[in-house]
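K.L.:
I would like the entire structure built from these sequences, with the hints used as guidance.
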Amino acid sequence: MGALGTFLLLVLFGAAVGFAMIRYGHNWIGRQVAGATTGGEITYALVGIAGSFMGYHIASILGIGSELLAYILAVGGAALTIYLWQGR
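Residue 1314 in the working numbering is what sits at position 57 of the sequence shown, and the numbering runs on without skipping anything.
It should be emphasised that the hints constitute simulated quantities derived from the structure, not laboratory data. Glycine included, every Cβ here is placed at the ideal spot set by N, Cα and C. Fair warning: there could be bad hints in the mix.
Claimed, not checked - Derived CB-CB ranges, DEER-like:
# : residue 1 : residue 2 : range
1 : Ser1323   : Glu1298   : 28 to 34 Å
2 : Tyr1340   : Leu1261   : 27 to 33 Å
3 : Ala1273   : Gly1344   : 19 to 25 Å
4 : Gly1297   : Met1258   : 27 to 33 Å
5 : Gly1320   : Arg1280   : 31 to 37 Å
6 : Leu1266   : Tyr1340   : 19 to 25 Å
7 : Gly1322   : Gly1297   : 35 to 41 Å
8 : Leu1341   : Met1258   : 26 to 32 Å
P.N.:
Written as structure tokens, this is what we have:
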């Protein structure tokens, strides 16, 4: 896959993980009770995108040859980055 395709997939994976963490993360119940809506959706998506790039490039640094495994690590990197970011 070319560089543009990889870029778009990483953005898609990161944003999807960010939106999933908004929907199913531990803060979801608090928002439902309070009824608050914030601009957090965009922030979570951006943090997820950053995490997916970190996960993908860590796979590249480690020399993982399988492109599928690199994408799996990108999704894991996005989830881990958001999880650690929530604990701030």
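K.L.:
What hints, given by number in increasing order, does this structure fail?
P.N.:
none
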